[in-house]
Amino acid sequence: MKKLITSLLFCCLGALAQAPPTAVAISNAKIVTISGATITKGTVVVRDGLIEAVGDNITPPADALIIDGAGLTVYPGLIDGLSTVGIPAPATPTRGGRGAGAAAATAAAPPAPHSNGPEDRPMTTSWIKAADEIQPTDHRIETARNEGFTTAVVFPTVGIFGGQGSIIDLAGVKTENMVLVPAVGQYIAMRTNPNGFPDALMGVISYVRQTYMDAGYYKLSKEVYANDPRGMKRPEYNRALEGILESKRILLPAERLVEMDRMLRFAAELKQPVILYGLHQGYRAADLLKKNNAVVLVSLKWPEKPRDTDPDDEDSLRVLEERKKAPSTPAVLQKAGIKFAFYTDGVEQPRDLQRAVKAAIDQGLSREEAVRAFTLSPAEIYGVADRLGSIEKGKIANLLVTRGELFDDRTKVEMVFVDGVKHVPAPEPAGRGTATETAGGGVNQ
Amino acid sequence: MTSKFFLACLAAASLASAEVKVIQNATIMSESAKGTFNGSIVVRDGKIIEVGQHVTVPPGATVIDASGQWVIPGIIDCHAHIGVDGGVNEGSVSVSSMVNIKDVINPEDIAIYRALSGGVTSMNVLHGSANAIGGQTIVLKTRWGSDAQGMIFEGAKPGIKFALGENPKRQGNPEGGARGGAPVNVRYPATRMGVEDVIREAFNEAVLYKAQWDAYDKAVAAGQHPLPPRKDLKLESLKEVLEGKRLVHAHCYRSDEILMLIRVADDYGFKIATFQHVLEGYKVAKEIAAHGGGASTFSDWWGYKSEAYDAIAYNAALLAKKGVLVSVNSDSLNGELMRRLNLEAAKGMKYGGMTREEALAMVTINPAKQLGVQDRVGSIEVGKDADMVIYDKDPLSIYSKVQKVLIDGTQYFDRDTDVSGRGAKEQEKQKLIQEEKAEDAKTASPRRRAQ
Chain A
0 MKKLITSLLF
10 CCLGALAQAP
20 PTAVAISNAK
30 IVTISGATIT
40 KGTVVVRDGL
50 IEAVGDNITP
60 PADALIIDGA
70 GLTVYPGLID
80 GLSTVGIPAP
90 ATPTRGGRGA
100 GAAAATAAAP
110 PAPHSNGPED
120 RPMTTSWIKA
130 ADEIQPTDHR
140 IETARNEGFT
150 TAVVFPTVGI
160 FGGQGSIIDL
170 AGVKTENMVL
180 VPAVGQYIAM
190 RTNPNGFPDA
200 LMGVISYVRQ
210 TYMDAGYYKL
220 SKEVYANDPR
230 GMKRPEYNRA
240 LEGILESKRI
250 LLPAERLVEM
260 DRMLRFAAEL
270 KQPVILYGLH
280 QGYRAADLLK
290 KNNAVVLVSL
300 KWPEKPRDTD
310 PDDEDSLRVL
320 EERKKAPSTP
330 AVLQKAGIKF
340 AFYTDGVEQP
350 RDLQRAVKAA
360 IDQGLSREEA
370 VRAFTLSPAE
380 IYGVADRLGS
390 IEKGKIANLL
400 VTRGELFDDR
410 TKVEMVFVDG
420 VKHVPAPEPA
430 GRGTATETAG
440 GGVNQ
Chain B
0 MTSKFFLACL
10 AAASLASAEV
20 KVIQNATIMS
30 ESAKGTFNGS
40 IVVRDGKIIE
50 VGQHVTVPPG
60 ATVIDASGQW
70 VIPGIIDCHA
80 HIGVDGGVNE
90 GSVSVSSMVN
100 IKDVINPEDI
110 AIYRALSGGV
120 TSMNVLHGSA
130 NAIGGQTIVL
140 KTRWGSDAQG
150 MIFEGAKPGI
160 KFALGENPKR
170 QGNPEGGARG
180 GAPVNVRYPA
190 TRMGVEDVIR
200 EAFNEAVLYK
210 AQWDAYDKAV
220 AAGQHPLPPR
230 KDLKLESLKE
240 VLEGKRLVHA
250 HCYRSDEILM
260 LIRVADDYGF
270 KIATFQHVLE
280 GYKVAKEIAA
290 HGGGASTFSD
300 WWGYKSEAYD
310 AIAYNAALLA
320 KKGVLVSVNS
330 DSLNGELMRR
340 LNLEAAKGMK
350 YGGMTREEAL
360 AMVTINPAKQ
370 LGVQDRVGSI
380 EVGKDADMVI
390 YDKDPLSIYS
400 KVQKVLIDGT
410 QYFDRDTDVS
420 GRGAKEQEKQ
430 KLIQEEKAED
440 AKTASPRRRA
450 Q
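First to last, the protein sequences are chains A and B. Counted from 1, the first sequence has number 201 at position 202 by numbering that gives the first Met the number 0; the numbering is strictly sequential. Counted from 1, the second sequence has number 231 at position 232 by numbering that gives the first Met the number 0; the numbering is strictly sequential.
Calculated from the structure, these hints are not laboratory results. In this text the structure is predicted, and so the values were computed from the model without any measurement. Watch out, some of these pointers could steer you wrong.
Stated by the list, open to error - Within a straight-line C-alpha distance of at most 20 angstroms, the following computed SDA-like cross-link-like pairs (lysine to any residue) qualify:
no.	chain 1	residue 1	chain 2	residue 2
1	A	Lys232	B	Lys430
2	B	Lys428	A	Asn291
3	B	Lys430	A	Pro302
4	A	Lys357	A	Glu368
5	B	Lys441	A	Thr308
6	B	Lys209	B	Pro228
Put together the whole structure using the sequences plus the hints.
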C-alpha cells in the first residue's frame with residue numbers, strides 16, 4: 000500500500016516536472032504590431048489564447064515553449080472582411096447558373112416558391128446568423144489559414160437579405176469556440192429573383208425599401224401592443240422583420256461609381272449604418288466616399304479579361320480602363336483617408352492572393368496599409384479593434400508568422416496562431432495532388 | 000504657358016454659374032408667335048434673358064457666333080428607356096407601381112450621350128410595358144457628366160407607366176410566356192379584359208388605402224394619436240395618381256382599349272396625362288381630346304406587331320386637328336432613334352401638312368406641356384431654361400447636323416470637340432490593349448514553359 004502511494008506520488012511529481020509548456024514565446028523575430036511601431040527584434044508571449052506580452056526587451060517566462068523567431072516576421076492574424084468560409088456551399092443556384100453543377104443543385108433543393116410581391120419576402124433569410132451555420136470541418140477553413148487568415152467575417156450570402164454575419168476564428172473543433180461575435184450586420188445583395196418578384200434591379204431596391212418600412216411599422220406596432228394589449232389585435236410574429244431589426248448595420252454592394260452613389264443614398268434613406276462592398280471603381284470615387292464618410296470593403300478579385308473570347312473583339316475604353324485601374328483603388332482610398340478593408344471574394348489560393356495584393360501595392364498602396372487592410376482596419380470597421388487586429392498585450396492571440404515580407408513573391412507562411420493555438424500549414428497542395436493520383440492509379444489497376 | 004493659362008480661364012469660365020453667353024446671328028426657330036427669324040439670344044445664369052433681332056451684348060459675355068446656323072429649343076423625348084440600370088421592366092407582377100426608375104438612373108449610359116448629340120435635352124424615362132400598371136417614371140435632363148441626382152429635371156412632375164394590349168397580356172399566354180428561351184410563370188392577365196380588371200382591382204385597393212390614410216390624417220389633425228396605417232409603396236403611387244400628384248403615361252395601341260382606359264380613369268376620377276404610341280388614336284381623337292389627354296406617338300411606324308396594323312402616318316396630324324396635344328417620341332432603349340427626333344417631327348409636314356413650327360412643336364413645346372414643364376423648357380423665350388440646340392443647317396432637313404447643345408446655359412455637347420477627340424480616345428484604347436497583351440504574355444509564359 001505504502002509502496003503504491005509512493006509510486007503514485009512519484010508519478011505526479013514526474014508529471015509536474017515534465018509539465019507541457021503553458022505559454023509560447025516567439026523570440027528574436029521581427030514583429031509588425033500594426034497599432035504601434037514595428038519591432039525589429041523582439042518577443043511575443045502567448046498564453047491562454049491571449050497575447051501576454053510583446054516587446055523588444057521581454058524575457059520569455061520559464062514555462063514557455065520558445066520558438067526561435069530568427070528570420071521570421073510576426074503579423075497580426077489576417078482578417079477576411081467578408082467571406083463565406085465555414086458555411087457549406089449554398090444548395091440553391093444563383094441566377095444564370097448553368098451546367099451540371101447548377102442542375103444537380105436544383106434537383107437537390109426544393110424549388111423556391113413563386114413570389115408575387117414584397118409581402119412574400121422573396122429571397123429573404125434575414126434571421127439566419129452565420130454563426131449557426133458554421134461547419135468546423137469545411138476544408139476552406141484550412142485553406143484560408145494556409146493563406147495566413149486567422150479570422151473571417153462570415154456572412155450568409157444567398158438571396159437578397161442573406162442573413163447576419165458573424166466574426167469567427169478559423170480553427171476549432173466546435174462552432175462554439177470559433178465564434179467571436181455572433182451578429183455584426185445584415186448582408187444585402189442586389190439580386191433578382193428567377194421565381195417572380197423582383198426581377199429587375201428597381202424591383203430589388205423597392206423590395207428592400209418596403210421591407211425596412213415594414214420593419215419600422217412592425218416595431219411600432221409591437222411597442223404599442225406591449226404598452227396596452229387590451230383591445231388590440233396582436234401584431235403577427237415575423238421572423239424576416241425580426242432579422243432586419245436585429246441587424247445593426249447593413250452591407251450593400253457597389254462595384255461602379257454609379258452604384259456607390261446609389262447605395263450611399265439608399266443607406267441614408269434607410270437610416271442604416273452601411274458598409275459598401277465591391278468597389279472596383281473606387282479609384283474614381285475618392286471625393287464621393289470622403290464626402291459621405293463611407294466605410295468600404297474592397298474586393299481583391301480584380302476584374303480580368305475573360306478567357307477564350309474572340310481575339311478580334313475589342314473591349315471598350317471604359318472596360319479596359321477599369322481593368323487597368325481597379326487595383327489602384329486601395330492606393331486612392333489610402334490617399335484620401337477613407338476607411339477600407341480587404342476581402343478575398345473567392346481568391347482562395349495563397350499565390351493568387353499574394354498577386355492580387357501585390358497589384359495594389361504596385362499601384363501605390365503602402366505595404367503597411369496593405370497589412371492594415373487585412374488586420375486592424377477590418378477590426379475597426381466591425382467594432383472589434385479592442386480584441387483583434389494588432390499585436391498588443393491583452394488582445395486575442397491570433398498571429399501570422401512568415402518567412403519573408405508579407406505579400407512578397409517568395410514569402411512563406413510558417414505558422415499561424417489562432418486563439419493561441421499553433422497551426423502549421425500543410426505542405427503545398429502538390430502533395431495532395433500526388434495522393435489523389437496514387438488513389439486513381441489504384442482504381443485503374 | 001500663355002495657352003495653359005488661357006485654357007484654365009476657359010475652364011473656369013465654363014463652370015461659373017453667373018456666366019453670360021450670347022448666341023449671335025442665328026436663324027432662330029421656335030414655337031412662338033415670332034416664327035422663324037434671324038437674331039441673337041442672351042443667356043445668363045442658365046436662363047434666357049433676351050431674344051431678338053438686335054440684342055445688347057453684355058460686357059464679358061462669351062459669344063457663340065452662329066452665323067448661317069440654326070437654333071431650336073432643346074428636343075424633349077416624351078418616351079425613352081435609356082439611362083436605366085438593371086432592366087426597364089419589373090415584369091414579374093401585373094402591378095409594379097412600387098418600383099421607381101429614379102432608383103436606378105445610370106448617368107453613364109452611353110445612350111444618354113447619343114441622345115444629347117442628337118439635340119435631346121430632356122426626356123421622360125419610363126418603365127417598360129410588361130405590365131398593366133408599371134413602375135414610377137422620371138424626367139431627366141441629359142446633363143452628360145453629372146451624377147444621377149444631377150440629371151434629374153428638378154421640379155418636373157413624377158409619372159407612372161400603364162400599359163394596355165399585347166405586352167401586358169403576353170405573359171398570361173401559356174404558349175407565349177417564354178423569356179430568354181426559358182419558360183416563365185404564367186401571369187394573369189391573358190386578355191384585354193383581364194388588363195382592365197387588373198387596373199380596376201388595383202385602384203379599388205388604392206381607394207381603400209387612400210381612405211385609411213385620409214381618416215388617419217383627419218384623426219391626427221383632431222389631436223388624436225392613432226396607429227398609422229401600414230405604408231405600402233405599391234398603393235402609395237396609385238394614391239398619388241388619385242390625388243393628381245402623379246401623371247399617368249399609358250402605353251396603348253387599339254382604339255377600343257383607349258376608350259376602355261378613359262372609362263376606367265373617369266370612374267376613379269383621375270386623368271391620363273399621355274396616351275403613348277396610341278397608333279389608333281386617330282380613330283378616337285375626339286374622345287381623347289374630350290378627356291384632356293395628350294398623345295405621344297411614333298412618326299410613321301407600322302405593322303411591327305399585331306396591334307400596329309391599323310397604324311397610319313397621318314395619326315399625329317389627325318389627332319392634332321381634333322385638338323389633341325401631340326408629341327412624337329423614340330421609345331428608345333439605346334439612344335439611336337432618339338438622336339434623330341428632329342426628323343421624326345419633320346415627317347409631320349409630309350404626312351398631314353403641318354407647318355414647320357407645328358412639326359417642331361411635336362418634339363419641343365408639346366412634350367414639355369405633356370410633362371408639365373412648359374414654363375421651364377420647350378421654346379426659346381425670355382425666362383426659360385437655356386436648353387438649346389445649334390444645327391449647321393435647317394433642323395428639319397436630313398442634311399443637318401447638331402453642332403452644339405446647351406442645357407441650362409452650359410455646353411454639354413460640341414461636335415468639333417467630339418470629332419477631334421476621337422483619335423486620342425482610339426489611341427488610348429489601343430495603348431491599353433497592347434499593355435494588356437504584353438502583361439498576358441509575361442504571366443502566361445512560365446505556365447506554358449512548364450507544360
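Now the hints, each set against the structure:
A C-alpha spacing of about 69 angstroms is found between Lys232 (chain A) and Lys430 (chain B), which places the hinted pair above 20 angstroms, so the restraint is violated. For the hint linking Lys428 (chain B) to Asn291 (chain A), the alpha-carbon distance of about 33 angstroms lies beyond 20 angstroms, and the restraint is violated. With a C-alpha separation of about 18 angstroms, the suggested pair Lys430 (chain B) and Pro302 (chain A) falls inside the 20 angstroms cut-off, and the hint holds. With a CA separation close to 12 angstroms, the supplied pair Lys357 (chain A) and Glu368 (chain A) stays within the 20 angstroms bound.
With a C-alpha separation of about 19 angstroms, the suggested pairing of Lys441 (chain B) with Thr308 (chain A) holds against the 20 angstroms cut-off. Note on Lys209 (chain B) and Pro228 (chain B): the hinted pairing holds, with a Cα-Cα distance of about 10 angstroms set against a maximum of 20 angstroms.
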